[in-house]
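J.: The lines below spell out each chain.
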Amino acid sequence: MSALLEARDVHVAYGRVEAVRGVSLSLPAGQIVTVIGPNGAGKTTLLAALAGLLPSRGQVIYDGRDLAGTDVEDRVEAGLCLVPESRELFADMSVEDNLLLGGWRMRRDKAAIASGFAEVYERFPRLAERRRQLAGTLSGGERQMLALGRALMGKPRLLMLDEPSLGLAPLIVREIFHTIADLRGTGVSILLVEQNARAALESADYGYVLETGEITLSGPADELLHDPRVAATYLGGHT
Amino acid sequence: MLLAQDGIATGAIYALVALGIVLVFLVTRVIFVPFGDLVAYASLSLAALEENRRPGLIWLVLLLAGLAFLTEALTLLRAGHARLLPRAVLLYLLLPALPCAVAYVITPMDVPDLLRIVVTLALVLPTAPLLYRIAFRPIADAPVLVLLIVAVVVHFAMTGIALLCFGPEGARPRPLTGAIFEIGDIIVSGQTLLMLGAAVAASIGLLVFFARTLTGRALRATAINRVGARIVGIRPGEAGTTAFLLAALLAGLSGLLIGPVTTLVYDSGFVIGLKSFVGAIIGGLVSYPGAALGAVAIGLLESFTAFYDSAFKEVVVFAGLVPVLIIRSLLQGQAVEDAEEEL
Ligand SMILES: Nc1ncnc2c1ncn2[C@@H]1O[C@H](COP(=O)(O)OP(=O)(O)OP(=O)(O)O)[C@@H](O)[C@H]1O
Ligand SMILES: [Mg+2]
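In the order they appear, the protein sequences are chains A and B.
If you're matching positions, the first sequence starts at 659 in my numbering and goes up one per residue.
If you're matching positions, the second sequence starts at -15 in my numbering and goes up one per residue.
Derived from the structure by calculation, the hints contain no laboratory data.
Don't be surprised by glycine CBs; every beta carbon is placed ideally from N, CA and C.
Among the clues, some could well be false.
What the hints assert, rightly or not - Residues of chain B clear of chain A, computed beta-carbon distances all greater than 10 angstroms:
#1 W43
#2 L98
#3 A119
#4 V134
#5 V211
#6 Y292
#7 F302
Unchecked claim - Now the in silico label distances, taken between C-beta atoms and shown as ranges:
#8 P127/B to Q791/A: 24 to 34 angstroms
#9 S752/A to A303/B: 37 to 47 angstroms
#10 A141/B to D729/A: 39 to 49 angstroms
#11 R666/A to A124/B: 22 to 32 angstroms
Just chain B, same shape as in the assembly (with noise of 0.2 angstroms):
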């Protein structure tokens, strides 16, 4: 039952990275494989800001938005707007800057547990939309197996960018919540249902964003027709802008909850992407449900393992892979064929 419970909970915040991953294939095609390293990202600064250390992250932060603005003002500058450098500046300079600016001043202070989240959340959020624009926007057209080799290269170079800002050091931060609920002779710590708290909001708040906002729609749009999308007026990349946005809300959100949890280091969040994506996988990837209760599947399963055998724990998620493929590749080949014609 504990094991059951382990399982739902780890499963939960490998749910909401898997809906993260699927929500930014789904508008732009691109496999974010460094969308894992967010959630270590999160988890270690906030564990930094309660220790009142500066967080690495801000100067990733400004890294990420110096080189975004400069493939932005380039662009500009060659299709000739230069008119548009102002907004660029406020965009993808000042926007970033002011999380950044905010956790710089804040970290020798005894503030309250609230705002450390919040601002650690703040910083975590520009990453994902900065890193579309330097590394993803520019190739937006390209094949989905193009996007993958960048976005595995991506992932790279912020391994070793993120090891000089965090240093090697893992960390943890403190539980949201101490509290402990027997239900029953079940005993729940606060922190688990939160966590699955987290995931059944987020499920929920992303249905209601897709099913009834105008920009949750056009994200849709742009997900099934790029070009039925431009020709009514949606710009993809402003759609790609978004859904990075959000699954960089989600990452965050799964750093802050899986953070107490497990000691993350700066490179820990791969492993815990790869398992959403396998989770996504199972899912089919192009299906939100799909991906969460693939999500929680892994969870589940790793958790089993874990307790038989710890060392194998990692090895059976992924030889768990294969089977699921074969079998989805068996019931529905075709549709899956059909969907790659579409992309």
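Next comes chain A alone, as it looks inside the complex (with noise of 0.2 angstroms):
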């Protein structure tokens, strides 16, 4: 099977409380795979510990490889990203410094990070115009791309996004899912978390649907999007 990352049976407490009880979820090389659920159902307890930020139970294998004892560094130096619910930005160090440190994992290759700069700035300009400026400062649009941008420069094999839309204007939010089709495109896997539903399933080639810590429904993306207990929680309604 060519999946690059599988996860068997996770489970993720927070103390005695199981936040995740036992999720299996796949996803091949190349493709978008969406987890979406209402708030609290442990999309982001189970992103953290698929990350190495929280400790789990049961197996997560990665490009081959179990996990297990792995730390998040040695994770992201595997090309395994997060950009984490919170985003985690520098805040008092300018836009540009983020991104150079969001190259971290590819310091010792100049090309790549020159590459990474070009291809940032391109996809978003406006954080081209606001290079100089504190992370702190942006806006918070502003700052979901700055978030992005800074896990993109460390040229990911596997792109966990957690609520990339969150709180944004709906211009912004198509944006950012053209980016993030965009970027399947170039050979990036995506494990995408969303509250966006349907944009998610649109764009996505296989869906999980979780809800308090299990997987309750899972199938192709576009015939969940047709799936009527889908359409009725989480597409608010028909169409």
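These two chains come separately, so use the hints to put the complex back together.
T.: Next comes the structure, spelled out in structure tokens:
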């Protein structure tokens, strides 16, 4: 099987409370897989565990390798990058410095850093205009762009995005999803967590529905889009 | 005028130490209490080398290296990373042992002063990173207060070991320069100028390091947002080691510069560290220029009170902290709380 990432029966707990309970999912190389679900379902928790930020039980296989005992930094080194819901930008540093540090994994490859800057500034001209501005003074939308741009500087093989459209105006949401589809075209695999279920399913190949820590439904994205149970709960009734 | 000169020179040294304190605090959240001790160790070691005695710092560094290696080896074995052991041997045993070996060999020899100075610096350098590995990295995510308590414990442990290694006598290395300059009708000693120059150079060096180099930016990033640093692949542990290494360099420099001016004994570094810390606090503990200015202010205050009554010198300096803290907390209680929230 050519899955780039595979999670098998993953459990994540905060103290004694399990927030993720036996989740299994698979992400074939080069595809977009989305995880949708209501608030508090455990989506953020799941991504944090896959990134190595939270300890988990069960098995996570990345690129044929069991990630048990591999820390966040080593996962990043292997091209498994997370854009967390909380963004975690370097607020007191300039946009440019944030991007530069995003390329930490490529730090020995000057050409990769240069092409990374060119690519990010082309995707997000707004960031180029504000390259000297402190990240903490950016608007919400610009911050999302910077978080995404910072992750792209590391030339990830698998990008895990936690609600990239959170709190954005419709026009920018479209822009972000456009970027996500575009990235898929360049060979980046994407694990996408979203509240905006319609947009997520429209751009994804495969989808999972996570509810109170368990996968309740999964299937090809266009099937899920037309599944009445998904439509009723996540797509705001019919259409 | 002479008093001001004296005060600024001492203040410059406090400033160097204060910069180190702020640097270590920002990157690792550790208030590194034993930091001043390193200043004294540097001075004592240089004096020992000049008198062809083996500096006790050799044994101290070897001891720390052994402990740090054990800590690292245990961590690696427990995580099942036995293949990384050779790297640990290199980093935690061989590298720190190198300056020890050189110091051991050159002790009885008649070598140039510059070599002695370099070897002294090289001996001081590993101390702080090794202490970090032993005492602070295993509890890197603990609250600031716990880290502070551990730092105090480390200080007392170090003081005990230092007494064994250095003995109770004080020592004073030769001045780095005997030159005297006359500018108008002011007489300035070369040593004073050197102290000032070193402080200014170190400040500028730090500024350039943080603004221009990738490692410097990575250190700042770690200080600003640890999780953010981790998700781009920067290891806070390595950033911490770098911060401690830089701080040790600053402490070593301070020791070399202040040594010829004041006789230091094995435990007199503590007061230097404390005064620098007060300077850093005046500057807010999170600002490099603030810390440097605060430290210079302490140096001046101390020199003027010492002139009127030297018995009161320490009292005034530390009592001065109280109104400063009150004013600071009134002025920006909000900002401080926010900063603590982030920590
Ligand atoms: N640090 C924490 N300590 C304890 N419980 C937590 C912690 N973080 C999250 N939880 C709990 O775990 C559950 C899952 O939270 P999580 O943030 O993963 O949900 P989510 O699916 O990302 O929600 P949202 O769509 O609102 O972002 C929630 O019940 C939450 O209260
Ligand atoms: Mg979430």
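J.: Each hint should be assessed against the structure and marked as holding or not.
T.: The hints, checked one at a time:
1. W43: Given that every Cβ of chain A is farther than 10 angstroms from that of W43/B, nearest at about 35 angstroms, it holds.
2. L98: holds (34 angstroms)
3. A119: holds (21 angstroms)
4. V134: At about 23 angstroms from chain A, V134/B clears the 10 angstroms cut-off, so the statement holds.
5. V211: violated (5 angstroms)
6. Y292: holds (42 angstroms)
7. F302: With a cut-off of 10 angstroms, F302/B remains clear of chain A, as the shortest Cβ separation is near 31 angstroms.
8. P127/B to Q791/A: 24 to 34 angstroms: holds (33 angstroms)
9. S752/A to A303/B: 37 to 47 angstroms: At roughly 41 angstroms between Cβ atoms, A303/B and S752/A fall inside 37 to 47 angstroms, so the hint holds.
10. A141/B to D729/A: 39 to 49 angstroms: violated (30 angstroms)
11. R666/A to A124/B: 22 to 32 angstroms: Check passed, 31 angstroms falls within 22 to 32 angstroms.
Hint compliance for this structure: hints 5, 10 are not met, and every other hint is.
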